[in-house]
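Visitor: These protein sequences, in sequence, are chains R and C. By the numbering used here, the letter at position 105 of the first sequence is numbered 105, and the numbering carries on one by one without gaps. Plus 1000 on top of the position in the second sequence (first one is 1) and you've got the numbering used here.
The set of hints was computed from the structure by calculation and includes no laboratory data. Built from N, CA and C at the ideal position, the CB exists for glycine as well. Nothing false has been slipped in among the hints.
The following label-pair restraints were derived from C-beta to C-beta distances:
| no. | chain 1 | residue 1 | chain 2 | residue 2 | range |
| --- | --- | --- | --- | --- | --- |
| 1 | R | 375 | C | 1095 | 44 to 54 angstroms |
| 2 | R | 196 | C | 1077 | 50 to 60 angstroms |
| 3 | R | 373 | C | 1110 | 29 to 39 angstroms |
| 4 | C | 1091 | R | 373 | 45 to 55 angstroms |
| 5 | C | 1003 | R | 457 | 52 to 62 angstroms |
Covered stretches of chain C (chain R as the covering partner; in silico rule of three or more C-beta atoms under 8 angstroms from a C-beta of chain R):
| no. | segment |
| --- | --- |
| 6 | 1005-1017 |
| 7 | 1104-1117 |
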Amino acid sequence: MQRAKYLLFLLSTTSNIFPYIFLASLMLLVISVGMGAYYFGLFSPDALEAEGIGDAFGGGFFDTLWWSMKHVLDPGALAENYGAPKMVLVFAMFNSLMGLAIVSGLIGFIVNSIQNAVEDARNGSATIREVNHILLLGWNRKAVSVLKQLAKFKEKERVVILTSTNTNIVRAEIRQESRNLRGLKILPLRGSIASPSEMARIAIRKAAYVIVLAEGQGLKNTFSDVTTIKTMMLLNSSQNEGRTSNIVAEIVNTENLAIANVASNLSHPIVSSGQVISKTMVQCARYPGYAQVYSKLFSLEDHKIELKNIENSEGILFGDIATRITNATVIGVSWLKIENGRERRVTVLNPEPDFDLAEEDDLILIKQANEDLEINDCPPLERVKTTDTPFNRPNIRKVLILSTNPNVGSIIRELDQHSTEQLEIIVACQDANSVCESLESKYEEIYSSKLKIQPIEFYLDGIWSLEKINPAEFDVIFIVADESESKVDADSRSTLILLLLRNICDKTRGVTFPPVVTEFLDPQTLELVEDSPLTDAVVSTELLSHLMVQVVRKPFMESIYRELLNAGGIEMGFRPAEAYAELGKFVRHLDIVRLAQCSNEVVLGYKFDDGTKPKIIINPKKGEKYKFVAGDKLIVLSQQLYT
Amino acid sequence: MSKILIVEDNEMNRDMLSRRLARKGYEVEIAEDGAAGLEAMKSYRPDIVLMDMGLPIMDGWTATSNAKNDPEISQIPIIALTAHALEADKERAMRAGADDFDTKPVNLANLLEKIEALL
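When you get a sec, could you build the whole thing from the sequences and use the hints?
Guide: What follows is the structure, given as structure tokens:
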């Protein structure tokens, strides 16, 4: 009996057709039992008078089988036996009742199977038959933003999403943004992004682009870099076997970046989200207004950054070609280099104006999406030798960090790298002492005599601690997205702190308020903080999705992003317009470009500041004329100098 | 063909300078930090070293000082390159033993003059 039960359990759990075989067997058994009515007067004269009993085939086996089967499949046939012998009625009743049970069971199984098939399709157990599709592996709060970026290309892309997150949640989030995702065909599938069989299911080898997001990033910071690293190993091995796709992956914890690079064999760019956010925040602190320029420059709306080979460029100087191209901004040079047996694309931003091009060099350009390059023959530039720079370089000495999150250590490290003298940092948050102790133990190497960190206990409901602080003492105030509290979400918390700062700002009128750089997770929060002392908002989800989508489509962009954010090397900064042009008079953009070249700078555009909302212009045409007022700035690429 | 060792941590600066010097006919070798630079000085035996000062692991000042105190490589001329443009930074580099000093961004013509003067 036990064995029979086990066999039943085994068959029912391992075989899809077992329920049908079981029901068919049961039906045969019941029909066989029902045929026993033959021996109890099924074809007696009394019985044959009943409407439902007939002997058309001579009252033998086939008539008996037909009668029994009819009662199993059609319980309504019972009533047609009226007048038949009692035992025949008993058999008819038995067959009808068993028939009811069997047919309802059969209907149940069929409905269940259809439901399972529909559910499977919804959960995405289908095998993908796409070519040149985009794969989004993993799901977190950046995913919708990534999809929005992809939709901007208006190329009717097919996006396959594979994630362990419930696809109903994924669908609901996509539905909320459906207006911004027009043109994309999105197929969410449920599965592990670190499983080889799942990779085959989503046609990984036929994908054009693969974007790997950290799985599981939610309110509790439950993201998993380990999954991303395993996925990169899988992707790397699959790429070795077949055609190559452009791949970019996200690592949340900067400490895992090195191992992720090993896993990908340095073949694909890995973006450390913590590092990007902290570096951008520090750049915003160094150049207030930077976030707006950065998002304008790297958004896909007005223009694009691309590589372009110019014919007969051998020996042409970078500075000359940069002024001769009238409708694009030349920001750098790129070429292919063989290094350790592998081909590497070298990208150099803002080379010196006398950098001589080779025939095979590509120019890195910012240009309008659908415009052909216009190159004229303007005379070569007469370069003026400059020995010194007249601008005050940003130098941050005292910083207030409000709230805490895992990126605070990276922000401090980044500030330290830019700092040339004593750097004092106040960390104001809940349990500030333990936060600072943990930072000290984790980032031991950055704690030097040059760096001093002080904790201040700060609660949202204890604003007195903030009021004790004199904001004028600081060079910058950071508010980081703190997801540690379940009662208040990170953006609400940052918004409340900005309100507190506005209150302090109102009370201390006449005192210069330092730049306030805040990290937000949701771009919609920006509308709530318009009337606050906020200088720069880094919307981390948008920033990272911009970056990842750009890098996966154009891998050379990774080195541009990296260079612009890193300490040292080339940076994007602001210069006062009055240093290049007479205020109140029209000046041609070309003339400003030429003047800037004398200081080894590339002019990306202008930031016009009339005291309200700054207006950013990127990639102006060389012939356009501008009239500047005090406060207007040039946006330039230049060598970072520490003076 | 003169051999130049560039010790520089910034990839773009490294790529740009090595490419420009290679096109001028120099043989160029790269090291990414001060410690690697010292090793490369011993193994590669360059005719001249272009040493960035703000380097990871071992900074350029220490690497320059160590090189000048090592009889095996002390005779190799070192030009300090830095984005730290203060006079004090120049003095510090020269005190460490650098034979010359140049600030970024590099003016290639000036740098070539300094290289040729030291070769």
